[in-house]
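Just need the whole structure built from these sequences, with the hints factored in.
Number of protein chains: 2
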Amino acid sequence: MEISGSDPLPFDYLMVATGATPRLPGVSGEELEGIFFLRNVTDAIRIKSFIHERMARRAVVVGAGLVSLEACEAFRRLGLETTVIYRQDLPMRRWGEDFAEIILAELETNGVTFMADTSLEGFEPAPSGQIMVKTSSGALEADLVLIGIGVTPEVSLASQAGLNLGPTGAIAVNERLQTSVPFIYAAGDCCECFHRVSRKPVYAPLGDIANKQGRIAGANIGGQNISFPGIVGSICFKVFNLEVASTGLTEEEARNMGLETASATIQGVSKAHVFPGSGELHIRLVADTDSGRLLGAQAVGSDGVVSRINVLATGLSANLSLEELAYLDLAYAPPFSGAWDPIHIAAQKLLK
Amino acid sequence: MEISGSDPLPFDYLMVATGATPRLPGVSGEELEGIFFLRNVTDAIRIKSFIHERMARRAVVVGAGLVSLEACEAFRRLGLETTVIYRQDLPMRRWGEDFAEIILAELETNGVTFMADTSLEGFEPAPSGQIMVKTSSGALEADLVLIGIGVTPEVSLASQAGLNLGPTGAIAVNERLQTSVPFIYAAGDCCECFHRVSRKPVYAPLGDIANKQGRIAGANIGGQNISFPGIVGSICFKVFNLEVASTGLTEEEARNMGLETASATIQGVSKAHVFPGSGELHIRLVADTDSGRLLGAQAVGSDGVVSRINVLATGLSANLSLEELAYLDLAYAPPFSGAWDPIHIAAQKLLK
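These protein sequence lines are chains A and B, in that order.
Here this note's numbering runs 1105 ahead of the position in the first sequence, where the first position is 1.
Here this note's numbering runs 1105 ahead of the position in the second sequence, where the first position is 1.
These aren't lab readings, by the way, just hints derived from the structure by calculation.
It is possible that part of the hints are untrue.
The list treats identical chains as interchangeable, and a pair is accepted whether it falls inside one copy or across any two copies.
[As the list claims (entries may be wrong)] Straight-line Cα separation of at most 27 Å, DSS-like style, residue types lysine-lysine; simulated pairs:
#1 1153 to 1305
#2 1376 to 1343
#3 1153 to 1454
#4 1376 to 1153
None of the values given here were measured: they were computed from a predicted structure.
What follows is the structure, encoded as structure tokens:
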């Protein structure tokens, strides 16, 4: 069937998978050549080609989210001077000040300049042919700028079609991934998902969630009846030699929901103490003081961080108690952990 | 207080932590110099000193359990010719023939000779001063022999004291770690523990379990009231560049208990396909066809094996369904997994 742009196309079911678009800073000059966003592989190839063709030497990264920090590593590997401009005093404050300082130290150890408490004011072409980046802390020149200040769900089609948006501004879907119009489904970065710990819809534009939603929507359109149980908010990234991960709620998020919380933070080791290559690992567990249930965990360290967060994410999904976590039967051998895993140690500390 | 060997010592509580003793092969010559067991750091130091002092070049390992295979790696690192003598055709058959073949290949790739279907018949001093190892497949000379055919619980004191032994031959304890005499507790390799999947007492002499039992017994003696929920049978080891791990029951074990089972085996990758350093990973999930619940998992691969088994062990502890596992919210980033983790893929395959 040939389809032209103006032909109406009949359908029984419609799947909306319009994704997300990068958030714009809304400053003058943001359309200049050499200013990039990074959403997909095509963008990555374009940025890399630009670096090689222009023999770029200086990169400025606006924002300090996951994509921004991952890009810092890529830029440094290519030998670029790299500066991050960020409004707050520390990157990844969601992980807590102590962990954010570890992340900042990792950036600085690897040659990234972090301009804290700095807001972007605009861009101008520099006489040298470069870009002049104007900030609240002064101007700096760059061959290349990456803007990584988040994304917004692409909901224009959904809005025109009259689909309900949820409280986050993304398309509202039920657990079968149906929108407010039952024969229209949505999945991925354009829609919300249900957070099983906060019991609220959230906007979490991540690739693994998009995959799950797409599969479940497709199965339901195809005649099955599968529900997406939602997420517990697991997330991770690598920046240089540091693993950073979290699941569930931070203590601040839980308190903002009106919960009484307690937390325990420990420094552990990723393998047995005696084992070569064992690295430092910091874990914080957050629990609800009323029920004693786990609410979330954040971790940072050189090794074994994501694997611990995945165990805790599984515990969160299953509502495991802190008592269970304190004596959880994890596989033990010195190349992989101590006889007491950092998870056990943190849970026992929090139980006290 | 000074204690002499014959003085009776009054007590309110007694803690039995007599551990385990290496199983002897029961063949002639097993007391010869150069024949070792490996139970603790002192043993390891003795073996290493012997290798250096005698300039040992050839090691024979009797048995193919965890300790034996770990010792193979240590011997090869020290440059010894290393031969394993084993009664069965493959090492670690509990992991299934397909995975056992991967383990065998890893041994052979790293220069270990595996003598399959071979039983030990005895030892004799060789004219050269070495040890002649007589087997059902012929004799071979060694400078050093390591016997790793398992351990038996040390229960002589417990038996003399009239404590009940359990069906495994180890000391029976309740969930508070009390023996059949309520003011006598036992913990560690001398006693049983409760397997939460088979719902039976098992003998699992592993360091992490001993630590947990010791802590709980101590807490209860000290006036707290803590129960040990038991184990799900998580175990792991590293042999050369291979990680091997399992949790819960194998399909054979489950069938021997009279359960109807189904299993799915997949080959996945430890990180995203495109990511440098991503390794091969094989996972098998075993489920109960009646209830659909997970019964166990076995895995082998170059990377990320133990971390997956720990997630599945947590799922087993919490009785997570296969549906939950198929869409579990694990932290995703390309350095750590694909958007679909091998756990998701295996669970979805098993659901079909």
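Evaluation of the provided hints:
1. 1153 to 1305: neither (39 Å within a copy, 59 Å between copies)
2. 1376 to 1343: both (19 Å within a copy, 12 Å between copies)
3. 1153 to 1454: neither (47 Å within a copy, 38 Å between copies)
4. 1376 to 1153: Intra 37 Å, inter 23 Å, cutoff 27 Å: inter-copy only.
In this structure, the earlier hints numbered 1, 3 are contradicted, and the remaining ones agree with it.
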